[in-house]
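There are 2 protein chains.
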Amino acid sequence: MLSFQNLIKLNRNGDLPVFLQISNGMTLLIKSGILGKGVKLPGTRSLSESLNVHRKTVVAAYDELMSQGWIEVIPSKGTFVSNKLPIVDARKLTNDEHRRANREKAGFDFYPREELRRAKEFVADGLTIDEGIPDVRIAPVFEILRNLKSIVSRSYNKKYLSYGPVHGDTLLREVLAGYLQETRGMNITMKNILITRGSQMGMYLSAQMIIRPGDIAVVGQSNYITANLTLQDAGAELQYVPVDEEGINTNAIEAICERQKIKAVFVTSHHHHPTTVTLSAERRLHLVQLAEKYGFAILEDDYDYDFHYQNAPLLPLASADRSGNVIYMGAICKIVAPVYRVGYMVASEDLIEETAHLRRIIDRQGDAVLERAIAQMIQQGDFQRHSKKALKLYKERRDHFCGLLESELSEYVSFDRPEGGMAVWVGMDKALNWGRVAKECLKDGLRIPDWQLFDQLKGGHNHIRMGFASLNNEEQKEVVRILGKAMKTVKTEASLVMNLA
Amino acid sequence: MLSFQNLIKLNRNGDLPVFLQISNGMTLLIKSGILGKGVKLPGTRSLSESLNVHRKTVVAAYDELMSQGWIEVIPSKGTFVSNKLPIVDARKLTNDEHRRANREKAGFDFYPREELRRAKEFVADGLTIDEGIPDVRIAPVFEILRNLKSIVSRSYNKKYLSYGPVHGDTLLREVLAGYLQETRGMNITMKNILITRGSQMGMYLSAQMIIRPGDIAVVGQSNYITANLTLQDAGAELQYVPVDEEGINTNAIEAICERQKIKAVFVTSHHHHPTTVTLSAERRLHLVQLAEKYGFAILEDDYDYDFHYQNAPLLPLASADRSGNVIYMGAICKIVAPVYRVGYMVASEDLIEETAHLRRIIDRQGDAVLERAIAQMIQQGDFQRHSKKALKLYKERRDHFCGLLESELSEYVSFDRPEGGMAVWVGMDKALNWGRVAKECLKDGLRIPDWQLFDQLKGGHNHIRMGFASLNNEEQKEVVRILGKAMKTVKTEASLVMNLA
Chain V
8 MLSFQNLIKL
18 NRNGDLPVFL
28 QISNGMTLLI
38 KSGILGKGVK
48 LPGTRSLSES
58 LNVHRKTVVA
68 AYDELMSQGW
78 IEVIPSKGTF
88 VSNKLPIVDA
98 RKLTNDEHRR
108 ANREKAGFDF
118 YPREELRRAK
128 EFVADGLTID
138 EGIPDVRIAP
148 VFEILRNLKS
158 IVSRSYNKKY
168 LSYGPVHGDT
178 LLREVLAGYL
188 QETRGMNITM
198 KNILITRGSQ
208 MGMYLSAQMI
218 IRPGDIAVVG
228 QSNYITANLT
238 LQDAGAELQY
248 VPVDEEGINT
258 NAIEAICERQ
268 KIKAVFVTSH
278 HHHPTTVTLS
288 AERRLHLVQL
298 AEKYGFAILE
308 DDYDYDFHYQ
318 NAPLLPLASA
328 DRSGNVIYMG
338 AICKIVAPVY
348 RVGYMVASED
358 LIEETAHLRR
368 IIDRQGDAVL
378 ERAIAQMIQQ
388 GDFQRHSKKA
398 LKLYKERRDH
408 FCGLLESELS
418 EYVSFDRPEG
428 GMAVWVGMDK
438 ALNWGRVAKE
448 CLKDGLRIPD
458 WQLFDQLKGG
468 HNHIRMGFAS
478 LNNEEQKEVV
488 RILGKAMKTV
498 KTEASLVMNL
508 A
Chain E
8 MLSFQNLIKL
18 NRNGDLPVFL
28 QISNGMTLLI
38 KSGILGKGVK
48 LPGTRSLSES
58 LNVHRKTVVA
68 AYDELMSQGW
78 IEVIPSKGTF
88 VSNKLPIVDA
98 RKLTNDEHRR
108 ANREKAGFDF
118 YPREELRRAK
128 EFVADGLTID
138 EGIPDVRIAP
148 VFEILRNLKS
158 IVSRSYNKKY
168 LSYGPVHGDT
178 LLREVLAGYL
188 QETRGMNITM
198 KNILITRGSQ
208 MGMYLSAQMI
218 IRPGDIAVVG
228 QSNYITANLT
238 LQDAGAELQY
248 VPVDEEGINT
258 NAIEAICERQ
268 KIKAVFVTSH
278 HHHPTTVTLS
288 AERRLHLVQL
298 AEKYGFAILE
308 DDYDYDFHYQ
318 NAPLLPLASA
328 DRSGNVIYMG
338 AICKIVAPVY
348 RVGYMVASED
358 LIEETAHLRR
368 IIDRQGDAVL
378 ERAIAQMIQQ
388 GDFQRHSKKA
398 LKLYKERRDH
408 FCGLLESELS
418 EYVSFDRPEG
428 GMAVWVGMDK
438 ALNWGRVAKE
448 CLKDGLRIPD
458 WQLFDQLKGG
468 HNHIRMGFAS
478 LNNEEQKEVV
488 RILGKAMKTV
498 KTEASLVMNL
508 A
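The listed protein sequences derive, respectively, from chains V and E. Each residue of the first sequence is one higher than the last, beginning at 8 in the working numbering. Each residue of the second sequence is one higher than the last, beginning at 8 in the working numbering.
Keep in mind the hints are simulated off the structure, nothing from the lab. From a predicted model like this one, the values you see are computed outputs, not experimental measurements. Just so you know, not all the hints are guaranteed correct.
Unchecked claim - DSS-like mimics (lysine-lysine), calculated; alpha carbons at most 25 angstroms apart, straight line:
1. E/K495 / E/K446
2. E/K450 / E/K127
3. E/K399 / V/K165
4. E/K395 / V/K399
5. E/K127 / E/K166
6. E/K300 / V/K112
7. E/K399 / V/K166
8. V/K484 / E/K396
9. V/K165 / E/K268
10. E/K399 / E/K484
11. V/K402 / E/K166
12. V/K63 / E/K165
13. V/K91 / V/K44
14. V/K166 / E/K402
15. V/K399 / E/K63
16. V/K166 / E/K437
17. V/K127 / E/K165
18. E/K44 / V/K300
19. V/K498 / V/K450
20. V/K484 / V/K399
21. V/K166 / E/K395
22. E/K399 / V/K395
23. E/K300 / V/K44
24. E/K91 / V/K300
25. V/K495 / V/K446
26. E/K166 / V/K396
27. E/K484 / V/K165
28. E/K198 / V/K127
29. V/K112 / E/K127
Construct the complete structure from the given sequences, taking the supplied hints into account.
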């Protein structure tokens, strides 16, 4: 007889009743072929002794196995593993090594997305220069929690806990339509709005709706890498145009349109990612005219609209769109905190309707209670107040950070003070190497962005984005101190190598 | 001169300062071509009079427009719309009708998903028989809120408000690995788990990873329609196999495999959607063996595992998977409340890694604070207590509802008492028509599921799913009363037509 006390491990303090632990253990032995079909099982008395449990527990376990169809009783003969079960080859299980490997590799072919591996994960951890994200320490979390609670506390609001509209919370769509109309001059109604989980989902949905393999999409020669990857994942062939101090070059786009059909242009009008420049007024108008003339979509990711310091932000391209050519994407999480993943996609009604069908099979809907909480916060002005507070703070932090870069690091770096946003585009002496600097910084506990994410054209710039918004003045001093030390070390090494050569 | 007081509408109680309302209004007039390039603008005094605002406000607006590049001052001549701007054709704007239409239709071609329109939206509203969803009135919302608050209240937890791991909260992955190991016999670690937003996202991600246009996927002859649509959207050609009282017919799957290469089989082991039957023990083993032999993926959506009333639930196919052939999907939102969209996808490590790259471009990550709250609730046992409470309640509701169907509607309907889940599969006399019954019910304020969602094979069954879990005993009595009245009316009409014929 098999040694059941070794094969079935019981946890008397576990969540599962002991009789179910026994029946589950038996099931796994049957499934793995250790107990083959037709094998006679021990009597309840003998099994209860070897497992050191009450006999009733084993009886309950056998009842369970019988009702599930794993075992059968043959009168006056005993209890057997069901003869109806298929034969299982037991060899594999004996080799633990092999069994573990089975959970490492899929037993079928799938289609890996090798391109997508390039977008490395950024996770905030310790002292970090990020690529430009909000300071979550000022996020209005208690206002959000208070709104969440007030919504679910009212019994007539219980419906928000169930399935809701795939387009997003109706109140939020209404409130946003009014807000975008009033503050950004967009001629829209709630029918033009799909609530998403941040502007990235708007980007994904748009790419899936307008791109099929081989279609052409135009992006800046340096561009937000995740946008490129999202378009490529949908099958787009990318064409690159130059970016200068007025943003993406629209004459270069016109030249492409004269040669061939393009499906989309991606643009971050406020502010170009990664270089932080604002798309100029004349290029905005020019791009909208081109879209109308050549029938392509403008994917306008306006993630930074609320953080413009020089003057008021320029109205989005979407406000000049008279022919349904602009898909406008914004993110509320950029203002509140990244974890509250609420954003919006604004487009013509027909596209919004069709996109909603796709959204339904992706994740059914957003978090309706959170969406309503944010709608209430916009209605009550809490959202706008927080946005103004953050704008003021980030402007001060920009000035402080740029001041430090000038006073402490001018020997190594060059940059233009950004007109808005949460990051500076910092260039470094070409003799130096951001990868080496990053390694030196890490010795002092500072992480900086991976330069390879920005060096999209080989032999191009030697820049990285440095986020200042999430660092207070003390932290800024500390990161600049560490950066300076690292750059000095790397420069000394570089000149040693020069001298040796 | 243009009548600016008619063209620029000011809202003195709005969110936006008046000077910005003026500059935005001017920008829109320029963008729309009403103010063409080179046009001379009124002086600040004259404009302030016609708009009835202080002159300083107009000066601020002009400063704004200048700094944004829309207008320019030519000394001793005046202020003009910038000559650098492209010419805008103003004709279109004059036609309000046309302008509105522009937000209705996209100005470019896109790829509508006509198939996806079939999955109609279910939104809880008034007295409703749903397809089988939890009762959100018993959802542990205050426990969730308490956990959310305790997480964000601790300053060292602020990191959860920022970007986090795309795979999902690390603690939840660990806790779930242990939970699934202990309660469902799955031999996994956290590396086998990707946290999703409900089992639908697991389904979408899996389909995108393993299906390319033309690949074959096998489903039951009646099946969860959204699963079919998700596979088809990824490009799958569906092949159908019969479903009987033991679930999906695995011999029919074997016959297909002998003829051609298949990529995936979709199965809802607990319990088949829509018919509610449990996949039997021998078919479970058979299917796993077939997957291993023929190298296909089993997409196991085990959404109903926690709600099985007859005996303990049968362990998932994933517990018998020795070769990485099963992708297992579960949903925590089914137990808590649909709005808390947290679920999991369990698969081999290599597939989980690649799927995470795709997840990143869809919506970056889940709600990390909610995920951690749920991890804590599993650790503390709150989750399991709620699950047990719901199981007991839903079992009572199943018995009550089936009792009512028997005593009040046996003249019209037939059904098998389901072994688990939240719905009964209710058949009706073929002479009657669910569409007609639904219309009659609506007159009395009751909505019932759309029968067309279940009648996937033409001329097939005449069944719908009736959810009982979300209705208390009083509500069940009321819906059965209305159903009975509606069925009587429809039957009387049908026999009148018979008699006339």
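A quick look at each hint next to the structure:
no.: 1; hint: E/K495 / E/K446; verdict: holds, 13 angstroms
no.: 2; hint: E/K450 / E/K127; verdict: holds, 21 angstroms
no.: 3; hint: E/K399 / V/K165; verdict: holds, 21 angstroms
no.: 4; hint: E/K395 / V/K399; verdict: violated, 51 angstroms
no.: 5; hint: E/K127 / E/K166; verdict: violated, 39 angstroms
no.: 6; hint: E/K300 / V/K112; verdict: holds, 16 angstroms
no.: 7; hint: E/K399 / V/K166; verdict: holds, 23 angstroms
no.: 8; hint: V/K484 / E/K396; verdict: violated, 55 angstroms
no.: 9; hint: V/K165 / E/K268; verdict: violated, 47 angstroms
no.: 10; hint: E/K399 / E/K484; verdict: holds, 20 angstroms
no.: 11; hint: V/K402 / E/K166; verdict: holds, 23 angstroms
no.: 12; hint: V/K63 / E/K165; verdict: violated, 51 angstroms
no.: 13; hint: V/K91 / V/K44; verdict: holds, 8 angstroms
no.: 14; hint: V/K166 / E/K402; verdict: holds, 23 angstroms
no.: 15; hint: V/K399 / E/K63; verdict: holds, 23 angstroms
no.: 16; hint: V/K166 / E/K437; verdict: violated, 34 angstroms
no.: 17; hint: V/K127 / E/K165; verdict: holds, 22 angstroms
no.: 18; hint: E/K44 / V/K300; verdict: holds, 20 angstroms
no.: 19; hint: V/K498 / V/K450; verdict: holds, 16 angstroms
no.: 20; hint: V/K484 / V/K399; verdict: holds, 20 angstroms
no.: 21; hint: V/K166 / E/K395; verdict: holds, 23 angstroms
no.: 22; hint: E/K399 / V/K395; verdict: violated, 51 angstroms
no.: 23; hint: E/K300 / V/K44; verdict: holds, 20 angstroms
no.: 24; hint: E/K91 / V/K300; verdict: holds, 20 angstroms
no.: 25; hint: V/K495 / V/K446; verdict: holds, 13 angstroms
no.: 26; hint: E/K166 / V/K396; verdict: holds, 21 angstroms
no.: 27; hint: E/K484 / V/K165; verdict: holds, 22 angstroms
no.: 28; hint: E/K198 / V/K127; verdict: holds, 18 angstroms
no.: 29; hint: V/K112 / E/K127; verdict: violated, 37 angstroms
Checked against the numbered hints given earlier, the structure breaks hints 4, 5, 8, 9, 12, 16, 22 and 29 and satisfies all the rest.
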